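Once you have looked at the hints, place chain B on chain A.
Sequence order for the protein chains is A and B. For the first sequence, my numbering begins at 55 and goes up steadily by one. For the second sequence, my numbering begins at 21 and goes up steadily by one.
These are computed hints drawn from the structure, not numbers from a lab. Please read all numbers here as calculations on a predicted model, not as lab measurements. Misleading hints may appear alongside valid ones.
[What the hints assert, rightly or not] One-sided and incomplete, this derived list gives chain A residues near chain B with beta-carbon spacing under 10 Å: (1) Gly103; (2) Glu105; (3) Pro126; (4) Glu127; (5) Asp128; (6) Arg129; (7) Arg131; (8) Phe138; (9) Glu143; (10) Ile144; (11) Pro145; (12) Gly146; (13) Val147; (14) Ser150; (15) Tyr151; (16) Glu159.
[Unchecked claim] If you anchor each label on the Cβ, the simulated ranges turn out as follows: (17) B:Gln403 - A:Asp75: 36 to 44 Å; (18) A:Pro145 - B:Pro182: 38 to 46 Å; (19) B:Asp381 - A:Asn243: 51 to 59 Å; (20) A:Tyr163 - B:Val135: 29 to 37 Å.
Don't be surprised by glycine CBs; every beta carbon is placed ideally from N, CA and C.
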Amino acid sequence: MLTIKNLHASVEGNEILKGIDLEVKAGEIHAIMGPNGSGKSTLASVLAGREEYEVTDGSVDFDGSDLLDMDPEDRAREGLFLAFQYPVEIPGVNTSYFLRTALNEKLDYQGKDKISAGAFLKLLREKMKLVQMDEKFLKRAVNEGFSGGEKKRNEILQMAVLEPKLAVLDETDSGLDIDALKIVANGVNTLRSKDNAVIVVTHYQRLLDYIVPDYVHVLYKGKIVKSGDKTLARELEKQGYDWLKEQEPAAANV
Amino acid sequence: MSTINDNKIWPLLNFETFEKQLNGQAESPLHDLRKKAIERFSEMGFPTMRKEAWRFTNISPVEQQSFKLDAGDVPVSLDEIKPFLLNENDPVQLVFVNGVFKPELSEIHVKDGIVVQNLGQAIKDDPERVLTYLKKNENVFDYEFSALNTAFMKEGAFIYIPKNVVFDKPIHLLYISRAKDTEIVSHPRNLIVAETNSQATIMESYAGWNNEVYFSNPVTDVVLGENAIVHHYKVQRESEKAYHIALQHIHQERSSHFASYSFSIGAAISRNDIHNVLDGEGCDSVLNGLYLAHDRQVVDTHSLIDHAQPHCNSREVYHGILDDKAKTVFSGKIHVRKDAQKTDAIQSNKNILLSEEATVDTQPQLEIFADDVRCTHGGTVGQIDNNGVFYLRSRGIGEIKARNIMIHAFAGEIFNEVKFDSVRELMDDLVLSHLEDGHLKHS
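Just chain A, with the same shape it has in the complex (with noise of 0.2 Å):
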């Protein structure tokens, strides 16, 4: 589904991304863990399209596609889903509106009918259900004056809504408490088929007892430098991310 191939990316002028190498299947759960300043978000900005990161090498397919070469809104359309680190706050736009023209700008980019709004609401009502969002947010502008764990939660609802073929959640698991944690961990479960995958870059082993991956990556330094099943990650979780300064001559050779 995405093959990712020596993928170099800066931003002003700074190199973070020194080489990439990653293939996701669908069906398959990796999580990408790694110490503060590894270029995790980096990664998965770059992946959403934002304009502030350059790609300078490498190349990205995403099913078919050369990813690098479409615009956000094509990569989204085409069904990649970036679940924001810091979600943005949209004063005036209200979550319905903005969730049902995000989904008919989709349906229209694949030639299909656009949804009707009692058909929308409907299906948002389902979807609220699965992130146990109050229906009073619909009516609140995006994001705006949500708590923490509520923002983390519209971005699976707003995942939900999408269904999107690739999801990278980007530190979903920060700040959040064991409570939303789990909630937005059963949202991602429940949305998992094998027809779809999920990236979940975290910088906690917690998060990866509710959403099991399938394999573990570790990223320092630009570099994925370990890679492994989910034992790596309860490994991390023990050890911490010293050791990586220990192998660092080791991981530049590689």
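Chain B alone, transformed into the frame defined by chain A:
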């Protein structure tokens, strides 16, 4: 100004014509006021940029044209004005074409002693009553153009809501200019009186056909009795070659509540002066405004909120969206008099620039002579929030649409609270069609 005697400026020529046409009415007590007004205007002349209040706006194009009072018979049909009307069942509307009342286009269904009529008729019926309420506007000669308006005061709306009467539908005053080949001037004068405990909603619209050059110079006096509530909407959608210079004067008595939503989208140069006197304890005033400007449009808003009595609240929020080489001015003065303790005044002016060549001058001014007050103000100038645009795009919304959603939302913050669907939808449609036409699209 030196040309006044030998080569009279057009307002003075117009006044001579106007007086001749008045016939018998030239003897009324109102006419003394008109004569005083033209004298005051000729003393003051057209304002220049040397005057503080006109520092940022060059109004000389208005002075240099030769505007006429009469365009001859220019028929305007109901179908032609439909796009400007409110979508209401049994609407109440007064329609004026080139400043002249058109009964055949108007609808007046009111009861409970409410008066909705042409000001000219009100002057004929009871000039003393009109004069009594006009005198509540003590500042009429502080403004050059409102003095000019007063000199030609005849057509406009007179609205009277008696004590304890509540009218729960917008009364729409529609001013259409259809200049064709004549560069016409109109001086609409609206007098709105809401007696004690009454409640009413007034909407003023100013509209014309694009590419037509004309000048609208309206003055609206609103007089609120004790505990009265008036909601006031204004939509300025003149031709983009027209000039629009307006004064709204609001005089509030004890515990009255005034809320105003002003929306400017048309005219080459538009100027709105708002003079709000809070002349009783416990008054509330809400002044909201939105202006959209593109091309080389100039939009100038000057407000003066005069906190003359204690325990009054004022809230003023203006949003501006500018593209191309548009220029806007916002000057908001809050004057708190010595006795006006416990004044609570909040003012904000936010602008979004869509082009690097657009300019904004925003200047809040606080003049506070009381010691126990809360006054805050702020002005911002910025771009569309690119994080917001990216967020929308990342959900599959196209770039242009994403930007339009952001602009629309910023505009909507001003009129989302408008109580009447018909008014809110009209404002919303205007913003949306402006966006769809691509008037506001640059990055």
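I want to verify a distance hint. Is the separation of the beta carbons of B:Gln403 and A:Asp75 within 36 to 44 Å? The hinted range 36 to 44 Å holds for B:Gln403 and A:Asp75, with Cβ atoms some 38 Å apart.
Does 29 to 37 Å hold as the CB distance between A:Tyr163 and B:Val135, or does it fail? Violated, since A:Tyr163 and B:Val135 (Cβ atoms, about 57 Å apart) do not stay within the stated range.
Close enough to count: is the Cβ of A:Phe138 nearer than 10 Å to one in chain B? Holds. Min distance 7 Å.
Can A:Arg129 be said to touch chain B, with a Cβ gap under 10 Å? Holds. Min distance 8 Å.
Hint A:Pro126 vs chain B: min CB-CB distance below 10 Å? Constraint on A:Pro126 satisfied, holds at 4 Å.
Interface hint status, A:Pro145 versus chain B (Cβ within 10 Å): Given a least distance of 6 Å, the restraint on A:Pro145 holds.
Should the interface hint for A:Asp128 be scored as holding, given a Cβ-Cβ cut-off of 10 Å against chain B? holds (8 Å)
Interface hint outcome for A:Arg131 [beta carbon to chain B under 10 Å]: holds (5 Å)
How about A:Glu159: closest beta carbon in chain B under 10 Å, or not? At 5 Å from the nearest chain B Cβ, A:Glu159 passes the 10 Å test, so the hint holds.
Measuring from beta carbon to beta carbon, are A:Pro145 and B:Pro182 in 38 to 46 Å? holds (41 Å)
If you take the shortest Cβ to Cβ gap from A:Glu143 to chain B, is it below 10 Å? Check passed: Cβ of A:Glu143 comes within 8 Å of chain B, closer than 10 Å.
Kindly confirm whether 51 to 59 Å is satisfied by the beta carbon distance between B:Asp381 and A:Asn243. Because 56 Å falls inside the window, the suggested range holds.
The structure does not agree with the numbered hints 14, 20 stated previously, though it agrees with the rest.
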